[in-house]
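Taken in order, these protein sequences are the chains called A and B.
Residue numbers for the first sequence follow the numbering used here, so the first one is 1 and each next one is one higher.
Residue numbers for the second sequence follow the numbering used here, so the first one is 1001 and each next one is one higher.
Keep in mind the hints are simulated off the structure, nothing from the lab.
Some clues are possibly wrong.
[What the hints assert, rightly or not] Derived DSS-like pairs (lysine-lysine); straight-line CA-CA distance at most 30 angstroms:
1) A:K27 to B:K1241
2) B:K1077 to A:K75
3) A:K110 to A:K130
Since the model is a prediction, treat every value here as computed from it, not as a measurement.
Now for the letters of each chain:
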Amino acid sequence: MSVVVENLTKIFNQQKAVNNISFSVQKGEILGFLGPNGAGKSTTMKMATTYLTPTAGKVIINGMDVNKEAFSVRKIIGYLPEHNPLYVDMYIREYLEFVASLHGIRGDAKKSRIRDIIEMTGLGLERKKKISQLSKGYRQRVGLAQAMIHEPEVLILDEPTSGLDPNQIIEIRQLIKDFSRDKTVIFSTHIMQEVQAMCDRVVIIDKGVIVADDKVENLKGSTTGQHVITVEFEALPDLEVFKEIKGIEKLEPEGNTIRIYVAPEVDIRSEVFKLATDRNLSLLGLHREETSLENVFQQLTKENKETE
Amino acid sequence: MYQIFIKEFNGFLNSFVAYIAISVFLVGIGLLMWVFPDTSVLTFGFADMETLFSFGPYVFMFLVPAITMRMFADEKKSGTLELLLTQPLTDLQIILGKYLAGFALVVVSLLPTLLYYFSVYQLGNPPGNIDTAGVIGSYIGLILLGGVFISIGVFASSLTDNQVVSFITALFLCFIFYYGLQAIAGINIWGPNSALLEELGILYHYNYMSKGLIDLRNVIYFLSLISIMIMLTKLKLSSRKW
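Whenever a hint applies, use it, and build me the whole structure from the sequences.
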């Protein structure tokens, strides 16, 4: 186990930001840390990176307790804080040299490492600029370069893609993916597609409590909600006709389209098609919406609200 | 620590803080020493550097907070402090790196005033009629005083994420420690404690030093004050963990 979080709790002025959470991440795994804003994602990451001390519980990285051996832990983690803070007055090279030297990388090793990381993060064309002159996407790359320059074993990224345009998001994701071979990556986000695109596993946290911790596929399958079948007709038939089909839980007409809610294990597409041909209805579209993590996420975080 | 020192000192050079601080200091002191008739060596008639050492602290009082105000305040505001505190560095290394960079800048700004010494040296009658030992003592005093002001400035900067608040706090603390305590001791309510209060102030110890009298007790006073301020800064930084 590369990163183990055990009964971690953080209380700010009697408010439980993180409430007794436990999870672990294996080497080589990319873990998505998902939750609405203010769920306690950043606080957990700050504790894992030695910035904050937990009120109770502990984080163990590669067998080292982050509180007792903070100094050794800092050497093997790369951290990109939320909002990607940077020394904007510095030149890219100067900044990377500074961070490299903090990690004790010197001389030729430093030069070649900086060259590699600039190439890896695609900063080549911009390398002579000041950080303040860079666009947001390039700044994010500098932030990532900073976090990866010492080849850390564990990479902790707090919302690495927030505020980027779609192309940049894809590039940054690819960068993280490339880096993650035989390393451990934990990254937080509140964007579902990101988790679907990148992660092996996902931990969903809401109001400081873990509401789900599972493989991405399992989570998608496990949804307790309904599947939705969207049917588009040329002219909307009388809703009564659908009574013939078993398993329909709810109908929701909208213009010429109708959304049919069914239990997840039920597939009524062929029946709908049959119904349409029998009654001479012209069917324009028939399509089953896959339950996305989005739904799972909404459900899990909503349930939590109701139980309160 | 060395990397932080280099980064901070380069920061001074790149942001023009260094050039402005040094030129304001030199222009200010230069005017007082050579131009303004009330304080000028030329009209004073004695070949000494009293003007530099009695006005230097007041110039430092404004200049040093300007140098130190962004040290922690800016890093807090931009969030880079979080980055720095999760690097393999101890809190003390970060503080000392920043402290030493500020201190180095103070020393550098004092270097050109050595020219004044040579000028006054030549102006003496006969040339060379100047209390060299006294001047050396005074320089040591002024450098230590700069060291204390820098430590106060670093501490003030760690208290806030607003540079203006940091500047004003540092200025006020420097004033209180340099002159305020002495002045308060002058109020006729302290009885025998008045002497104690006076000795807590910087001016009392600085006056000894600018007479060229380097007493270990005074040196220890300056060094303790610097250590206390650095420890307070460290305390403030670690308070994030409480």
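Taking the hints in turn, this is what the structure says about them:
For the given pair, K27 (chain A) sits about 28 angstroms from K1241 (chain B) by alpha-carbon distance, which is consistent with the 30 angstroms threshold. At most 30 angstroms may separate the alpha-carbon atoms for a hinted pair to count; K1077 (chain B) and K75 (chain A) meet this at roughly 25 angstroms. For the suggested pair K110 (chain A) and K130 (chain A), the alpha carbons sit about 20 angstroms apart, so the restraint of at most 30 angstroms is met.
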